[in-house]
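Asker: Residue numbers (the numbering used here), protein chains in the order written: chain A, 1 to 333; chain B, 1 to 333.
Hints may be right or wrong, so weigh each one.
Claimed, not checked - To give an idea of the chain A side of the interface with chain B (calculated C-beta under 10 Å), a few residues:
1) Leu24
2) Lys32
3) Pro36
4) Ala39
5) Ala40
6) Ile41
7) Lys44
8) Ser45
9) Gly46
10) Ile50
11) Asp54
12) Gly58
13) Gly142
14) Val146
15) Val273
16) Phe281
None of these hints come from the bench; they were simulated from the model. Glycine residues also receive a C-beta, built at the ideal position from the N, C-alpha and C atoms.
Number of protein chains: 2
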Amino acid sequence: MKGFDFEEERIKQEITKQGAKRVLLQFPEGLKPEAPRLAAIVEKSGALAIISGDPCYGACDVAADEAERLGADLILHFGHAQMLRHTQVPTVYIEARATITIDSAVEQSIPLLSKWNKIGLATTVQHIQVLDRVREILVRAGKTVVVGDAGTTQYAGQVTGCDCSNVKSVTNDAEAFLFIGGGKFHALGIALATSKPTVIADPYENKAYSINPDAEKILKQRWAGIGEAGKAKIFGVLIGLKPGQKHLDEALRIKETIEKSGKVACLLAIREVLPEALMEFPTVEAYVNTACPRISLEAPLKFSKPVLTVNEFRVVSGESSWENLLKKGLFEN
Amino acid sequence: MKGFDFEEERIKQEITKQGAKRVLLQFPEGLKPEAPRLAAIVEKSGALAIISGDPCYGACDVAADEAERLGADLILHFGHAQMLRHTQVPTVYIEARATITIDSAVEQSIPLLSKWNKIGLATTVQHIQVLDRVREILVRAGKTVVVGDAGTTQYAGQVTGCDCSNVKSVTNDAEAFLFIGGGKFHALGIALATSKPTVIADPYENKAYSINPDAEKILKQRWAGIGEAGKAKIFGVLIGLKPGQKHLDEALRIKETIEKSGKVACLLAIREVLPEALMEFPTVEAYVNTACPRISLEAPLKFSKPVLTVNEFRVVSGESSWENLLKKGLFEN
Numbered sequence: 001m002k003g004f005d006f007e008e009e010r011i012k013q014e015i016t017k018q019g020a021k022r023v024l025l026q027f028p029e030g031l032k033p034e035a036p037r038l039a040a041i042v043e044k045s046g047a048l049a050i051i052s053g054d055p056c057y058g059a060c061d062v063a064a065d066e067a068e069r070l071g072a073d074l075i076l077h078f079g080h081a082q083m084l085r086h087t088q089v090p091t092v093y094i095e096a097r098a099t100i101t102i103d104s105a106v107e108q109s110i111p112l113l114s115k116w117n118k119i120g121l122a123t124t125v126q127h128i129q130v131l132d133r134v135r136e137i138l139v140r141a142g143k144t145v146v147v148g149d150a151g152t153t154q155y156a157g158q159v160t161g162c163d164c165s166n167v168k169s170v171t172n173d174a175e176a177f178l179f180i181g182g183g184k185f186h187a188l189g190i191a192l193a194t195s196k197p198t199v200i201a202d203p204y205e206n207k208a209y210s211i212n213p214d215a216e217k218i219l220k221q222r223w224a225g226i227g228e229a230g231k232a233k234i235f236g237v238l239i240g241l242k243p244g245q246k247h248l249d250e251a252l253r254i255k256e257t258i259e260k261s262g263k264v265a266c267l268l269a270i271r272e273v274l275p276e277a278l279m280e281f282p283t284v285e286a287y288v289n290t291a292c293p294r295i296s297l298e299a300p301l302k303f304s305k306p307v308l309t310v311n312e313f314r315v316v317s318g319e320s321s322w323e324n325l326l327k328k329g330l331f332e333n
Numbered sequence: 001m002k003g004f005d006f007e008e009e010r011i012k013q014e015i016t017k018q019g020a021k022r023v024l025l026q027f028p029e030g031l032k033p034e035a036p037r038l039a040a041i042v043e044k045s046g047a048l049a050i051i052s053g054d055p056c057y058g059a060c061d062v063a064a065d066e067a068e069r070l071g072a073d074l075i076l077h078f079g080h081a082q083m084l085r086h087t088q089v090p091t092v093y094i095e096a097r098a099t100i101t102i103d104s105a106v107e108q109s110i111p112l113l114s115k116w117n118k119i120g121l122a123t124t125v126q127h128i129q130v131l132d133r134v135r136e137i138l139v140r141a142g143k144t145v146v147v148g149d150a151g152t153t154q155y156a157g158q159v160t161g162c163d164c165s166n167v168k169s170v171t172n173d174a175e176a177f178l179f180i181g182g183g184k185f186h187a188l189g190i191a192l193a194t195s196k197p198t199v200i201a202d203p204y205e206n207k208a209y210s211i212n213p214d215a216e217k218i219l220k221q222r223w224a225g226i227g228e229a230g231k232a233k234i235f236g237v238l239i240g241l242k243p244g245q246k247h248l249d250e251a252l253r254i255k256e257t258i259e260k261s262g263k264v265a266c267l268l269a270i271r272e273v274l275p276e277a278l279m280e281f282p283t284v285e286a287y288v289n290t291a292c293p294r295i296s297l298e299a300p301l302k303f304s305k306p307v308l309t310v311n312e313f314r315v316v317s318g319e320s321s322w323e324n325l326l327k328k329g330l331f332e333n
């Protein structure tokens, strides 16, 4: 796969340094096609390579238990920056930085940002190294640039699926945000977390566009889901089983709140929150999801019942208001 | 859900007896709709109930790790007979015996069995209590009945997705087999494991029919898959991550065999062997599946690449022949 730096020399060095004999390689979906090639590199370094074939959507989902079960003594986790500080099996993060040039996509974003002067920058770990270059292009176009650092992610300006703290930390300083990267997923998170105009500069598609129409559509869907959940009598409270997605105490608190209002709450522990899995519980009328909050984002399109985030549930329970929710962000922990 | 005995009194007694404070309830797909009702019974007995929302296809798949992670002190595993002897968290098996009457379906099977005198009986744990009644009906119709007991399952005459030892132990004594139960899955296993005429008496559909045409179709598909895999240069060797599906040593042996023949083998550890998951590895041309052998059964319809069982791989590697495979059974461990 061209366009990403898999740090092959570092892989070899880490295996030698750690004296690893059995290595578990873990990739997010988009990078999995590279797995057999990188497994071969691991084996050339003298260790047995086992590829994790299960879905992986974030650094919250390090295959630590699987590694233990397989007797692996090293995990190579690709495509994400470190999030969990301690795992039982030593974990090396290979961030898979993109090598694609971003200049053209960023140039195309400038006309879309014409109404605003102060621009907040954000990106995923894949493009974190280009933020200085983006800043340069924007400053040359007469903009003031801010890059937030709330200290919760590995890098300033970095966003993940569930953590927009960096952009939120500069919401008051920025009139609009520019996100560098592919797909709508992360930029939607920024628009929803900040309620600010948000433009994507997508180097893969080589184009720039506003994400705000999509964000508005999602807000309407979320509002409808909250209304629907307000009428539910039987709730399912989802507990994530992945290492960084398990919020059992939160789930117990929500169960208690639901029961205090005279309704029924079932705790459901689940690894992959998939529509097929939830369809097995036809009597449950609405879900509150304490696992990965971003699962809920696509819920109205894929799930037949509302799948509320914890923050959205606070509106249903009366602990918060829709207005406060918009301020706090729908999808953040 | 009418038609199954969930042993609700026993559930209460077990919780009291074990002094359980937090109970994980686990169900196969068809029984999951009952989960919220049974969770309420658990909570009335004074314990916190957590339902496992992940897929569960057999007693090989007890959610022992999940229970530990959730701090559960008891697992209630529904719908399967005990298979794993030791789990870290105490596990109670609620077999969910069916209460439906089987007489009419069995009566309908008699004309289909007219050519044979000695009939082998088999069923799943759900109907194990009716085997005596079925024997009575068949004997009255002039048949001789055999029920195998190879000692590998909880009950004589019981079949599971991956264990047809009981029917195989009486293959030489039986001219044909009668399976009592719903769906084609288990009866297909019997027909493929024994190469004998096999009739289903399905009490849910209230009908009887031969499974042999389906079995023949599957044999053709399997033969084609073996041929396709024989041409592959890059193999994926699947390692199951579920407690009773992990056969790491077998996977390592297969990897070695593949590599000795000058081909490439990647080890892939996976919890749920799903078509979407395997599609992430486009360079892999064929899979050998050491996890649940029955996953391979539906492979030609759902997967885009051959997914061989361990026994089928032995034909590809030259360790065995197609004829031996038919004798040993394609889908058994």
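Asker: Quick check on Lys32/A please, does its C-beta sit within 10 Å of some C-beta on chain B?
Answerer: holds, 4 Å
Asker: Hold the hint about Ser45/A up to the distance rule: shortest CB distance to chain B must be less than 10 Å.
Answerer: Interface hint status for Ser45/A: violated (15 Å vs cutoff 10 Å).
Asker: Let's test the interface hint: is any C-beta of chain B closer than 10 Å to that of Ile41/A?
Answerer: This hint is violated: Ile41/A lies away from chain B, its Cβ roughly 12 Å from the closest one there, beyond 10 Å.
Asker: Take the shortest C-beta to C-beta distance between Val146/A and chain B; is it under 10 Å?
Answerer: Nearest chain B Cβ about 37 Å off; hint violated.
Asker: Report holds or violated for the interface hint on Asp54/A, using the least CB-CB distance to chain B and a cut-off of 10 Å.
Answerer: holds, 5 Å
Asker: Given Pro36/A as an interface hint, is the shortest Cβ-Cβ distance to chain B below 10 Å?
Answerer: holds, 5 Å
Asker: Just to be careful: measuring from the Cβ of Ala40/A to every Cβ in chain B, is the smallest value less than 10 Å?
Answerer: holds, 7 Å
Asker: Is the hint on Gly58/A kept, meaning its closest Cβ partner in chain B is under 10 Å away?
Answerer: violated, 16 Å
Asker: Would the stated hint for Val273/A survive a check requiring a Cβ distance to chain B of less than 10 Å?
Answerer: holds, 8 Å
Asker: For the hint on Gly46/A, just tell me whether its beta-carbon gets within less than 10 Å of chain B.
Answerer: violated, 15 Å
Asker: Taking the closest Cβ pair, is Ile50/A under 10 Å from chain B?
Answerer: holds, 4 Å
Asker: How about Leu24/A: closest beta carbon in chain B under 10 Å, or not?
Answerer: holds, 7 Å
When held up to the earlier numbered hints, the structure conflicts with 6, 7, 8, 9, 12, 13 and 14 and fits the remainder.
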